[in-house]
Every structure is written in C-alpha cells, then in structure tokens.
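> Please build the complete structure, drawing on both the sequences and the hints.
Number of protein chains: 2
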Amino acid sequence: MSLAFQTDAHRLRGVTDLRGGIDLGGTKIQTAIVDPGGKVLGEARHPTPISGGPADVAQTMADAMREACAAADVSTEDLIGVGVGSPGDADEKTGVVSSARNLPGWEGSFPLGNTLSEALGTKVRIGNDVQVATEAEFHLGAGREFSSLVGVFWGTGVGGGLVLDGKPWLGRGAAGEIGHMVVKRGGAKCPCGRKGCMEAYAGRAAMEAEARRQHEEGVKTDLFKLMHKHEKPRLTSGIWERALDHGDHLTAKLIDRAIEALGTGIASAVNLLDPEAVILGGGLGIRFGDRYMEPLTKEMAKHLFVDERPPAVRVASLGDLGGAIGASLLFAR
Amino acid sequence: MSLAFQTDAHRLRGVTDLRGGIDLGGTKIQTAIVDPGGKVLGEARHPTPISGGPADVAQTMADAMREACAAADVSTEDLIGVGVGSPGDADEKTGVVSSARNLPGWEGSFPLGNTLSEALGTKVRIGNDVQVATEAEFHLGAGREFSSLVGVFWGTGVGGGLVLDGKPWLGRGAAGEIGHMVVKRGGAKCPCGRKGCMEAYAGRAAMEAEARRQHEEGVKTDLFKLMHKHEKPRLTSGIWERALDHGDHLTAKLIDRAIEALGTGIASAVNLLDPEAVILGGGLGIRFGDRYMEPLTKEMAKHLFVDERPPAVRVASLGDLGGAIGASLLFAR
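Chain order of the listed sequences is Z and H. Heads up, the first sequence is in numbering that gives the first Met the number 0, so the first residue is 0 and it goes up one at a time. Heads up, the second sequence is in numbering that gives the first Met the number 0, so the first residue is 0 and it goes up one at a time.
Any given hint could be a false lead.
[Stated by the list, open to error] Lysine-lysine pairs mimicking DSSO-like chemistry, simulated, CA-CA at most 27 Å apart:
| id | chain 1 | residue 1 | chain 2 | residue 2 |
| --- | --- | --- | --- | --- |
| 1 | H | K252 | Z | K188 |
| 2 | Z | K301 | H | K194 |
| 3 | H | K252 | H | K301 |
| 4 | Z | K252 | Z | K219 |
| 5 | Z | K194 | H | K301 |
| 6 | Z | K194 | H | K188 |
| 7 | H | K194 | Z | K252 |
| 8 | H | K92 | H | K166 |
| 9 | H | K194 | Z | K297 |
| 10 | H | K194 | Z | K194 |
| 11 | H | K252 | Z | K194 |
| 12 | H | K166 | Z | K166 |
[As the list claims (entries may be wrong)] Some chain H residues near chain Z, calculated using beta-carbon distances under 10 Å:
| id | residue |
| --- | --- |
| 13 | L161 |
| 14 | G165 |
| 15 | W168 |
| 16 | H179 |
| 17 | G195 |
| 18 | R241 |
| 19 | D244 |
| 20 | G246 |
| 21 | L249 |
| 22 | D255 |
| 23 | A260 |
| 24 | N270 |
| 25 | D306 |
| 26 | P310 |
[Said to hold, decoys possible] Using C-beta positions, here's what the derived DEER-type ranges look like:
| id | chain 1 | residue 1 | chain 2 | residue 2 | range |
| --- | --- | --- | --- | --- | --- |
| 27 | H | G318 | Z | T26 | 52 to 58 Å |
| 28 | H | G185 | Z | E117 | 49 to 55 Å |
| 29 | H | A311 | Z | G192 | 22 to 28 Å |
| 30 | H | S316 | Z | G318 | 45 to 51 Å |
| 31 | Z | R143 | H | P190 | 54 to 60 Å |
| 32 | H | G107 | Z | R308 | 15 to 21 Å |
| 33 | Z | R143 | H | R143 | 35 to 41 Å |
| 34 | Z | S97 | H | R212 | 27 to 33 Å |
| 35 | Z | G237 | H | R290 | 49 to 55 Å |
Don't read these hints as lab results, they were simulated from the structure. C-beta: ideal position from N, C-alpha, C; glycine also.
Structural data, given as structure tokens:
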C-alpha cells in the first residue's frame with residue numbers, strides 16, 4: 000500500500016538491516032534506529048520548532064535522524080528506509096502531509112516524504128502517528144499476544160489506531176478517529192469544533208480549557224499554580240499528576256470525567272469491532288493507565304453489549320519511543 | 000472459519016450448484032434457494048412459532064426450506080448446503096445458537112446446525128442474521144461497488160454488520176453491535192438494559208415503548224388507533240408510515256429522534272472505520288431510508304471528523320429476501 004520516495008534510484012540502498020523511525024509530535028521530534036528484532040540502537044529527541052514552517056520542521060527532523068544514526072554508528076544512506084509517524088492528514092501514497100495544525104505554518108500541504116528522502120539519502124514512508132504507535136504495540140509491545148486490537152492514545156487529543164486480524168486497518172486513510180466518536184449527543188464542545196466527542200471530555204487540551212474556565216469562575220485549584228511553579232507553558236500530564244497527588248479536587252473531578260468519556264467511547268468501539276484487546280497509550284494514558292484501570296474498565300462494562308467477556312485492556316509498554324519504533328515498522332509492513 | 004454439520008459423511012453432496020438460505024426472524028422464517036449468480040429460484044415464508052421451543056422452530060425452518068426446494072424443483076439433499084442467518088448468539092464454529100430471546104423458549108443453547116442438518120440431509124452453517132444480510136448487500140445488493148461497508152439494520156432493534164477489505168469482520172464473534180454504540184451517555188434506557196445506546200432511541204421496540212409512554216401521559220397520537228384498525232399486535236413499520244402520512248405529530252417527532260440517534264451513531268462508526276459505504280436496511284430502514292436520506296446524512300455530517308468526503312449511504316436493495324440470500328452465501332465464503 001505504501002509507496003517509497005527516493006530521489007536517486009541508482010544508489011545502493013539498505014546495505015544494513017536497520018530502519019529509522021521518526022515520531023513527529025507537536026512538542027518533540029523523537030527519532031530511533033531500530034534493528035530487525037525491534038531493538039533501539041540509537042535515538043535522539045529535539046523540540047519541535049515553534050515558528051517557521053514545514054521546511055524548518057523537516058530540517059529539524061533530518062537533524063534528529065542524523066543524530067540517532069550517529070549514536071547507532073550508521074549513516075542515513077545505509078538504512079533500509081526511514082518511517083515517519085505524522086500528525087495531520089498524512090497521505091501514505093504520496094508522502095504529502097496536510098493540515099498538521101499543531102505544527103508551525105502547516106495549515107496547507109507539504110511534501111514531507113520527498114523532502115526528507117532528499118535530505119537523508121534514503122527511502123521515506125509517511126504514516127499516521129497514532130496508527131504506527133498502535134502497530135508498534137501490536138508487534139513489539141503490550142499487544143503482542145493479540146491478533147486484533149484498538150489503540151487509544153490519550154494525550155493532548157485522543158487518537159486511535161486499529162489492527163484487525165494482524166493487519167493495520169486504515170479505511171480510506173482516516174480510520175481510527177476514536178476521539179471523535181460521540182459519547183454525548185449535544186454535549187461539550189470539542190477542540191475539533193463538533194459537540195459531544197470523547198475528546199471534548201478526555202483530551203488534555205479540552206481538560207485544560209475546562210479547568211481554566213472553572214478556575215476563572217472561582218473554582219479553587221492548584222493546577223495553574225503548579226504549572227507556573229514548574230515553568231510549563233501548559234497543563235502537562237506531569238502537572239495533572241502532581242495536582243492529583245496533592246489532593247486537588249478539580250483535578251480529580253476532571254480526570255474522573257475523562258475516564259467516563261474514555262470508558263463510554265471505548266465500549267462503543269468494542270461493541271462495533273469486538274477486538275481481543277484495547278491498548279491505552281499517550282501521555283495521559285501511560286501516566287494514569289495503571290492508576291485508573293479499575294474505574295476505566297468499570298465504566299466500559301456499563302456499556303459493553305457482550306459484558307461477560309470484555310477485551311483485555313493494557314497500558315502501552317513501549318513508552319515514549321513507541322511512536323518512533325512504530326514509524327520504523329512502516330518498512331516492515 | 001466456518002465448520003459444516005453433516006450427519007452422514009458418506010452421502011453424495013452438492014449434486015446441484017444451488018444453496019439454501021434461511022432467515023430466522025422473530026416474526027417470520029424466510030427461506031430461499033439461490034443459484035451461483037445470486038438469483039432466487041424458490042422461496043417460502045412461514046410465521047415463526049410463538050410457543051413451544053427451539054425444536055419447534057427448527058421444525059418450521061425445515062418445513063419452509065423443503066417448501067422453497069419444491070418451488071425450485073430440487074431436493075434438500077442436493078443442495079451444496081443450507082446457511083442460516085440467526086438472531087441471538089450464533090456460534091459459527093459449533094452451529095449452536097444461544098440466548099435468542101425473540102424466539103420461544105430459546106433463553107438457553109440449542110444445536111440448531113446439527114438438528115437442521117439431520118432434518119434436511121445436507122450441510123448447515125449458522126451465521127449472525129445481520130452480518131449475513133450485510134454480506135448479501137455487499138455481494139449482490141446496494142454495496143456491490145464498494146470494498147468496505149458498514150451495514151445498519153434499522154428494525155425492531157438496530158443491528159450492524161461489517162465488511163472490511165472485501166471480507167466479513169466478525170471480531171471474536173460479536174462484532175457489529177452498532178445499535179449499542181452509545182450516542183448519549185446517561186441517556187434513554189435501552190431494551191438491552193443499558194443507557195444511551197443508539198437503539199434506545201432508534202429501535203422500533205424502543206420507539207413503540209416511548210410512544211406508549213407519551214400516549215399514556217396524554218400526548219395525542221393515532222399510532223395505536225391505526226395499530227388496532229389494521230389488527231397488528233405492535234407498531235409495525237407500516238403503521239409508523241401510515242401515521243406519518245396522516246400527519247401524526249408524535250410519529251414525526253419520534254422518527255426525527257430516531258434519525259438523530261442513527262446519524263450520530265453511524266458517524267461515530269465512520270469516524271472509527273472510515274468505510275467506503277453505509278448500507279441502511281431493516282424494516283424501518285427500507286421503508287424510511289429514501290424518505291429520510293437527507294436528514295440522516297445531515298445528522299451524520301454534524302459528527303463526521305473528515306466531513307469533506309462522507310461515505311456513500313445507500314438503502315439496502317435486496318429487500319425482504321436479503322437475509323435468506325445472505326445466509327445462503329455462508330456456503331460461498
């Protein structure tokens with residue numbers, strides 16, 4: 000299904016058995032060099048540029064990939080290829096990424112595949128960030144023992160990925176938008192502009208907006224105090240955790256509300272697909288998954304049609320490197 | 000994936016190229032003899048027994064199949080096999096059907112596959128009624144031009160079936176429960192006992208219960224008058240249509256409410272799976288699909304994450320015979 004982008008067809012390629020992976024996130028660019036067994040031989044992490052445009056982001060990605068290569072003692076030209084897990088609308092066939100609104104100046108389209116291929120001297124494939132992270136968990140992480148799973152990445156937004164009968168299911172290219180399944184018709188406004196989406200209650204950005212709204216209305220909370228104290232520009236998952244540990248009431252309330260929405264939406268997805276497992280990842284998912292496993296599965300149980308055999312629910316096990324490892328697997332599909 | 004049940008392994012089998020199909024519904028048992036091109040050569044319809052138990056239902060099924068065979072001038076022993084689209088929990092591997100609560104005395108388990116195989120002298124395969132109807136539309140009906148689709152059967156309940164990349168997706172055997180995707184957390188009570196399911200607003204049985212409740216509270220409606228006049232035991236889809244045509248206000252309101260729930264739930268399914276098409280079938284779906292296509296797609300559009308290219312939405316084209324034809328295809332998978 001994927002095509003590869005290569006600027007010089009004559010060059011020898013794949014003289015090692017190593018693959019590169021790049022996880023292109025809104026705050027960081029994580030790269031990894033991965034061997035055939037899934038082991039990471041080198042990695043690097045750079046902050047995502049907050050100004051400029053797609054070309055600047057591509058440049059930072061190339062730099063971070065070269066740095067990971069140096070750590071693994073390999074040159075970019077000698078990789079089998081470099082996979083990219085990208086936000087926005089990532090077209091696997093053309094390597095063009097559009098509407099990546101979390102990235103600077105990326106409202107339009109940019110030929111990320113071709114640009115990186117030229118910069119790195121190797122083939123490049125582009126995939127959806129959440130989908131490749133789901134595939135990483137499927138092949139190498141918490142989903143290894145299952146043949147079908149739904150990946151739920153609970154972070155700034157709530158993204159999803161699907162593996163059915165051992166293969167990624169992409170639909171017409173945009174499958175997996177579990178965060179925009181409706182959990183409450185006519186409900187809260189979602190950052191996407193629609194109403195009642197799971198993400199409107201569970202996404203970190205939506206949770207922060209709600210916390211800010213309530214704080215401005217006079218509800219007491221330490222969330223923003225902690226944010227300033229730790230010099231964070233936003234309510235990171237770490238700040239949410241600290242506030243929760245401090246017994247902050249609003250924090251507990253908003254996380255409970257997020258868990259309710261997650262449990263409801265995940266149950267809907269399970270009723271439709273009946274997968275063997277659900278893998279919970281993402282910044283908040285990894286931080287709170289174990290701690291909230293019981294309330295989450297209880298919430299799911301309320302809505303599961305076949306409630307006597309719920310799917311396994313596991314926290315993603317590859318952590319921060321899952322996205323980059325998954326991206327490298329675009330050259331193993 | 001399916002196994003077949005045959006009591007006499009020595010007998011010659013499949014001496015014709017014809018397949019039998021039985022749609023086992025709560026009110027009627029529809030049978031059909033289908034040729035390799037999907038053409039129906041004979042059919043019969045019997046009322047489903049309303050008393051007795053599974054053995055009586057199986058007997059009526061066998062009688063109806065023999066009658067269809069007589070119409071097609073073939074004997075049951077000469078069929079390649081007979082497929083059954085069954086409600087309840089239909090185990091494709093064992094041919095056992097459990098918890099078919101719309102059928103008399105069928106709270107437990109019954110070996111429907113083996114029983115019918117013995118009665119008919121041919122192989123029998125059991126599938127889920129809604130899934131096989133979806134496959135019929137995929138192979139021979141409104142879904143022919145697509146490679147992936149979600150079938151939505153809007154009738155007494157709301158059932159669903161999935162075809163992904165040309166193949167049925169059954170999950171662990173219970174996929175497709177689109178009617179029990181949640182459209183409103185904490186919302187209306189569903190006949191399944193849970194809250195806020197799509198079926199709680201859109202299922203015919205739930206709509207009837209709500210109409211009755213409002214009527215008893217004094218809301219004016221001709222629904223029940225029409226039901227008695229036409230000597231129906233319940234508010235059939237035909238009664239709903241008559242009342243709508245008579246300008247009955249409550250009828251219009253409850254159908255609008257059903258359409259809202261359908262649009263919301265279908266959009267959630269599309270956001271998750273991104274299929275090429277949605278096929279709307281079932282008693283109410285076939286009766287109201289064309290008439291309500293515009294409000295339905297408008298309602299969907301409110302919640303579609305990729306709203307610039309919605310899936311095609313088509314009304315099922317095989318009508319009442321779709322279930323039996325789809326069941327016959329269990330011998331073509």
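> Could you run down the list of hints and mark each one as holding or not?
Going through the hints against the structure:
1. H:K252 to Z:K188: Status holds; Cα separation ~25 Å.
2. Z:K301 to H:K194: 8 Å, holds
3. H:K252 to H:K301: 19 Å, holds
4. Z:K252 to Z:K219: Given pair K252 (chain Z), K219 (chain Z) holds - Cα atoms ~12 Å apart, limit 27 Å.
5. Z:K194 to H:K301: Holds. K194 (chain Z) to K301 (chain H) sits at ~8 Å (cutoff 27 Å).
6. Z:K194 to H:K188: 22 Å, holds
7. H:K194 to Z:K252: 22 Å, holds
8. H:K92 to H:K166: Cα-Cα ~17 Å, so holds.
9. H:K194 to Z:K297: 15 Å, holds
10. H:K194 to Z:K194: 19 Å, holds
11. H:K252 to Z:K194: At roughly 22 Å apart (the allowed maximum being 27 Å), K194 (chain Z) and K252 (chain H) satisfy the hint.
12. H:K166 to Z:K166: Status holds; Cα separation ~13 Å.
13. L161: 8 Å, holds
14. G165: 13 Å, violated
15. W168: Cβ of W168 (chain H) sits 6 Å from chain Z, so the hint holds.
16. H179: 4 Å, holds
17. G195: Since the shortest Cβ distance to chain Z is 8 Å, the answer is holds.
18. R241: Violated: closest Cβ of chain Z sits about 29 Å from R241 (chain H), beyond 10 Å.
19. D244: With Cβ-Cβ at 28 Å, over 10 Å, it is violated.
20. G246: 27 Å, violated
21. L249: At about 21 Å, which exceeds the 10 Å cut-off, the nearest Cβ of chain Z leaves the hint on L249 (chain H) violated.
22. D255: Since the shortest Cβ distance to chain Z is 13 Å, the answer is violated.
23. A260: 7 Å, holds
24. N270: 4 Å, holds
25. D306: 9 Å, holds
26. P310: 8 Å, holds
27. H:G318 to Z:T26: 52 to 58 Å: 55 Å, holds
28. H:G185 to Z:E117: 49 to 55 Å: 54 Å, holds
29. H:A311 to Z:G192: 22 to 28 Å: 24 Å, holds
30. H:S316 to Z:G318: 45 to 51 Å: 50 Å, holds
31. Z:R143 to H:P190: 54 to 60 Å: Violated, since R143 (chain Z) and P190 (chain H) (Cβ atoms, about 39 Å apart) do not stay within the stated range.
32. H:G107 to Z:R308: 15 to 21 Å: 18 Å, holds
33. Z:R143 to H:R143: 35 to 41 Å: 38 Å, holds
34. Z:S97 to H:R212: 27 to 33 Å: 49 Å, violated
35. Z:G237 to H:R290: 49 to 55 Å: At 54 Å between Cβs, range holds.
Of the numbered hints given earlier, the model fails hints 14, 18, 19, 20, 21, 22, 31 and 34; all others are met.
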